[in-house]
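Given chain A's structure and the hints, the job is docking chain B onto it.
Protein chains: 2
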Amino acid sequence: MSKEIPYKVYLTENEIPEAWYNVRADMKTKPAPLINPGTHEAMGASDLEPVFCAELCKQEVNDDDRYIEIPEEIRNFYKMYRPSPLVRAFCLEKKLDTPAHIYYKFEGNNTSGSHKLNSAIAQAYYAKKQGLKGVTTETGAGQWGTALSMSCAYFDLDCKVYMVKVSYEQKPFRREVMRTYGASVTASPSMETEVGRKINEEFPGTGGSLGCAISEAVEVATHSEGYRYVLGSVLNQVLLHQSIIGLETKAALDKIGEKADIIIGCAGGGSNLGGLIAPFMGEKLRGEADYRIVAVEPASCPSFTKGKFVYDFCDTGHVTPLAKMYTLGSEFMPSPIHAGGLRFHGMSTILSQLYHDGYMEAVTAKQTECFAAAEEFARVEGILPAPESSHAIRVAIDEALKCKETGEAKNIVFGLTGTGYFDLVAYQQFNDGKMQDFLPTEEDLQAGFSHIPDTSDVKF
Amino acid sequence: MSKEIPYKVYLTENEIPEAWYNVRADMKTKPAPLINPGTHEAMGASDLEPVFCAELCKQEVNDDDRYIEIPEEIRNFYKMYRPSPLVRAFCLEKKLDTPAHIYYKFEGNNTSGSHKLNSAIAQAYYAKKQGLKGVTTETGAGQWGTALSMSCAYFDLDCKVYMVKVSYEQKPFRREVMRTYGASVTASPSMETEVGRKINEEFPGTGGSLGCAISEAVEVATHSEGYRYVLGSVLNQVLLHQSIIGLETKAALDKIGEKADIIIGCAGGGSNLGGLIAPFMGEKLRGEADYRIVAVEPASCPSFTKGKFVYDFCDTGHVTPLAKMYTLGSEFMPSPIHAGGLRFHGMSTILSQLYHDGYMEAVTAKQTECFAAAEEFARVEGILPAPESSHAIRVAIDEALKCKETGEAKNIVFGLTGTGYFDLVAYQQFNDGKMQDFLPTEEDLQAGFSHIPDTSDVKF
Numbered sequence: 001m002s003k004e005i006p007y008k009v010y011l012t013e014n015e016i017p018e019a020w021y022n023v024r025a026d027m028k029t030k031p032a033p034l035i036n037p038g039t040h041e042a043m044g045a046s047d048l049e050p051v052f053c054a055e056l057c058k059q060e061v062n063d064d065d066r067y068i069e070i071p072e073e074i075r076n077f078y079k080m081y082r083p084s085p086l087v088r089a090f091c092l093e094k095k096l097d098t099p100a101h102i103y104y105k106f107e108g109n110n111t112s113g114s115h116k117l118n119s120a121i122a123q124a125y126y127a128k129k130q131g132l133k134g135v136t137t138e139t140g141a142g143q144w145g146t147a148l149s150m151s152c153a154y155f156d157l158d159c160k161v162y163m164v165k166v167s168y169e170q171k172p173f174r175r176e177v178m179r180t181y182g183a184s185v186t187a188s189p190s191m192e193t194e195v196g197r198k199i200n201e202e203f204p205g206t207g208g209s210l211g212c213a214i215s216e217a218v219e220v221a222t223h224s225e226g227y228r229y230v231l232g233s234v235l236n237q238v239l240l241h242q243s244i245i246g247l248e249t250k251a252a253l254d255k256i257g258e259k260a261d262i263i264i265g266c267a268g269g270g271s272n273l274g275g276l277i278a279p280f281m282g283e284k285l286r287g288e289a290d291y292r293i294v295a296v297e298p299a300s301c302p303s304f305t306k307g308k309f310v311y312d313f314c315d316t317g318h319v320t321p322l323a324k325m326y327t328l329g330s331e332f333m334p335s336p337i338h339a340g341g342l343r344f345h346g347m348s349t350i351l352s353q354l355y356h357d358g359y360m361e362a363v364t365a366k367q368t369e370c371f372a373a374a375e376e377f378a379r380v381e382g383i384l385p386a387p388e389s390s391h392a393i394r395v396a397i398d399e400a401l402k403c404k405e406t407g408e409a410k411n412i413v414f415g416l417t418g419t420g421y422f423d424l425v426a427y428q429q430f431n432d433g434k435m436q437d438f439l440p441t442e443e444d445l446q447a448g449f450s451h452i453p454d455t456s457d458v459k460f
Numbered sequence: 001m002s003k004e005i006p007y008k009v010y011l012t013e014n015e016i017p018e019a020w021y022n023v024r025a026d027m028k029t030k031p032a033p034l035i036n037p038g039t040h041e042a043m044g045a046s047d048l049e050p051v052f053c054a055e056l057c058k059q060e061v062n063d064d065d066r067y068i069e070i071p072e073e074i075r076n077f078y079k080m081y082r083p084s085p086l087v088r089a090f091c092l093e094k095k096l097d098t099p100a101h102i103y104y105k106f107e108g109n110n111t112s113g114s115h116k117l118n119s120a121i122a123q124a125y126y127a128k129k130q131g132l133k134g135v136t137t138e139t140g141a142g143q144w145g146t147a148l149s150m151s152c153a154y155f156d157l158d159c160k161v162y163m164v165k166v167s168y169e170q171k172p173f174r175r176e177v178m179r180t181y182g183a184s185v186t187a188s189p190s191m192e193t194e195v196g197r198k199i200n201e202e203f204p205g206t207g208g209s210l211g212c213a214i215s216e217a218v219e220v221a222t223h224s225e226g227y228r229y230v231l232g233s234v235l236n237q238v239l240l241h242q243s244i245i246g247l248e249t250k251a252a253l254d255k256i257g258e259k260a261d262i263i264i265g266c267a268g269g270g271s272n273l274g275g276l277i278a279p280f281m282g283e284k285l286r287g288e289a290d291y292r293i294v295a296v297e298p299a300s301c302p303s304f305t306k307g308k309f310v311y312d313f314c315d316t317g318h319v320t321p322l323a324k325m326y327t328l329g330s331e332f333m334p335s336p337i338h339a340g341g342l343r344f345h346g347m348s349t350i351l352s353q354l355y356h357d358g359y360m361e362a363v364t365a366k367q368t369e370c371f372a373a374a375e376e377f378a379r380v381e382g383i384l385p386a387p388e389s390s391h392a393i394r395v396a397i398d399e400a401l402k403c404k405e406t407g408e409a410k411n412i413v414f415g416l417t418g419t420g421y422f423d424l425v426a427y428q429q430f431n432d433g434k435m436q437d438f439l440p441t442e443e444d445l446q447a448g449f450s451h452i453p454d455t456s457d458v459k460f
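Chains as they are written, first to last, in this note's numbering: chain A, 1 to 460; chain B, 1 to 460.
No incorrect hints appear here.
Computed cross-link-like contacts, EDC-like style, restricted to lysine to aspartate or glutamate with a CA-CA straight-line distance of at most 16 Å:
1) A:Lys255 x A:Glu15
2) A:Lys306 x A:Glu361
3) A:Lys95 x B:Asp156
4) A:Lys94 x B:Asp156
5) A:Lys129 x A:Glu73
6) B:Lys3 x A:Glu13
7) A:Lys79 x B:Glu4
8) A:Lys94 x B:Glu73
9) B:Lys8 x A:Glu15
10) A:Lys410 x A:Glu93
11) B:Lys434 x B:Glu369
12) B:Lys255 x B:Glu13
13) A:Lys128 x A:Glu225
14) B:Lys79 x A:Glu4
15) A:Lys3 x B:Glu13
16) A:Lys8 x B:Glu15
17) A:Lys410 x A:Asp97
18) A:Lys8 x B:Glu13
19) B:Lys30 x B:Glu60
20) B:Lys8 x A:Glu13
21) B:Lys94 x A:Glu73
22) B:Lys95 x A:Asp156
23) B:Lys94 x A:Asp156
24) A:Lys133 x A:Asp158
If you anchor each label on the Cβ, the simulated ranges turn out as follows:
25) A:Ile5 x B:Leu439: 50 to 60 Å
26) A:Pro6 x B:Ala19: 15 to 25 Å
27) A:Lys434 x B:Asp357: 52 to 62 Å
28) A:Asn62 x B:Leu439: 52 to 62 Å
29) A:Lys404 x B:Gly131: 22 to 32 Å
30) A:Ile5 x B:Ala19: 17 to 27 Å
31) A:Lys3 x B:Ala19: 23 to 33 Å
Footprint (simulated), chain A over chain B, 3 or more residues, beta carbon under 8 Å:
32) 150-163
33) 180-194
34) 374-387
FYI, nobody ran anything at the bench for these hints, they're computed from the structure.
Every residue gets a Cβ at the ideal spot worked out from N, C-alpha and C, and that includes glycine.
In isolation and in its complexed conformation, chain A is listed as follows (with noise of 0.2 Å):
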């Protein structure tokens, strides 16, 4: 092939698209709505305001526009860290020894580590254009809380954030980068909540869970005036919002004048994999176009390939809506695997959709083998790829070595959503070999199962 290909292609600022893309309005089979827990009817946009930004309850509920244009405001904030790269990994390939072409969106490269900015900065927005003092959320890992963070101090808004307490202790880093942003963190369960009260007098000296934080974060939205809650995934509006990923990939291949052969993202709530493959699953959908689309979950929380498609709650708590879903059970206890994005029991509601349409596999990987991965790559391509994003490095290199039997020169492309920087126990863990996989077993299964509630007369 005489065409040169850069490492990196970035797009221009003009070139950043002007409109988010709905894929919903392409698909034949919409996602099913999420319901009332206690009449198990569907919720509409109003229903979901009490808690959700008025503008944000529209975005979830919209089935039909396909494309949903993105406010100046947000695209000057875009301006700051994207075109985000998409990367040749020319050294990888040369490493593997293999004709695939290895392409990567890297989402890494703001201070948040990850590709959830795209979504916070739209969600503190759409608050702060509401008219709202503030907003309040729930973070595990950090990831979440830190975007969320940044955005509010960019709109001025006041940030609360729910930390699950262990992960407070645990990780003061990204406690005080959120605190640098200005936003005030909490440990969960709190003294400041009912529902933290009544959790610590329940179980003293107990380490939160991410389903606690999210009861006080509600809590706390809903009884305070002018604050929201706002969520970093699972939401269509947060798919929609995160369609910037894709949709810049597939102009940057455009660009270069490639084709993807298989699209591979991680998948947790669905954040990043919905946003990376949404415009290749739009031309899917609309028989424009084929591609292979994997997600990568991990071996211990294997959402898609064990779970059931059915309603079920989004926390263990029950403070939210039921979501139509493949689930493993809103009691069911991942077992601590060091990608904590990664530790959700459901999956985005249009996700769950596609893969039980048929659009789309999903695949299991064990940590050890994603970390060992994640190492290979960072020795050659430079960055440090966080533990999820490390899930999805191992089935590209695995795609990359089944070119090298097959000689054939497929173009792989994955979405490498962010850097480890604040995971580095867990590469720790693997340097001194301690590192240990840990996979559900048919007991553990049917013990989350048996938690979900009964939906059998609902329509959807």
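For chain B alone, coordinates are given in the frame of chain A:
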């Protein structure tokens, strides 16, 4: 002004400079040579070869060639993380309400988190080309050690890092990054070297120092077949490699048709500052253009502003040659400021000569005012700066505020050398209002000066 300036100016990969710029070629008064501390005789390339790679020794003493070609292998590595963006700080300007135009060259978008990688990859390349097995070095805060580990992983070279024991213990994450890239990291003083054993015997339980770590790294390099010692700052060769920063900055400004009025960089050993200003200084030396060039040093370690321009040791262990530079004395103990990269008693000989000859200014900044500037910057521009970089931000903001007074729309360019992800203990202190400023007393300074060796017989 109708011309549209983008947020970020990226050069294309084809616009990455093909040669480093050697500012010495344009200096009327050349920097003084290194001298042997015993004989006080000037050291030529061959005198340095037992310690450093041969090609790097040639670069060290090359005062004549204006351009030195960047080998293709290094250029290919540069393509993985360069060109780095020149960013127009629109949001900071708006926040400050200044007519000034502020630009920053951001060198933190690589896993080492700083500009250090620019020279590390060059030094690793020449070591590999010479057929060496590996290199040794010391690291304090860890940015240089990380950069060198990444570079050695890329060229499959062994990398032995001696890390100041107190940092080794306080910064386990920095250590793990290096291990992830395959380096061996040893707490210094160790029991592996003669000098280490001696220091451990003399000062049981000592936390070590950079001076001691240098001594260990040099001992191992000179006593091991196929090893050489490498250094991340101060040396002429390092400033040469770092000229890539300034060359790209100038090319980006030229591309948008802008000319810098003030160029600001933080100054520790001089690697970033020397690199950033190189081509601008070249124009100034040749009389082709004029610029205000400002070095910012920490108030607690004021080499330029309070030091003497004399021959001195580069390390506290007195194993290095003597360099003619602005120095506070090799036994001057800088107070514990958080910008570890700026805690050096001396300064690059090139920059020392240029400052002595009136081609640049120097100012000091206190760490609390630097962290305040860093936080103000982070909240609007997104990036969390390294404590070192915050010194340049402080002065850039001050200059922009002066422009507000005078109404001048000056172009202010500063170097944002790196990110602060591994410096969050310092941010925490600042956020908690517990950070203090340390200024050396007249007594501290005199104590430092009292250990400067007598070199009155030297002619240079």
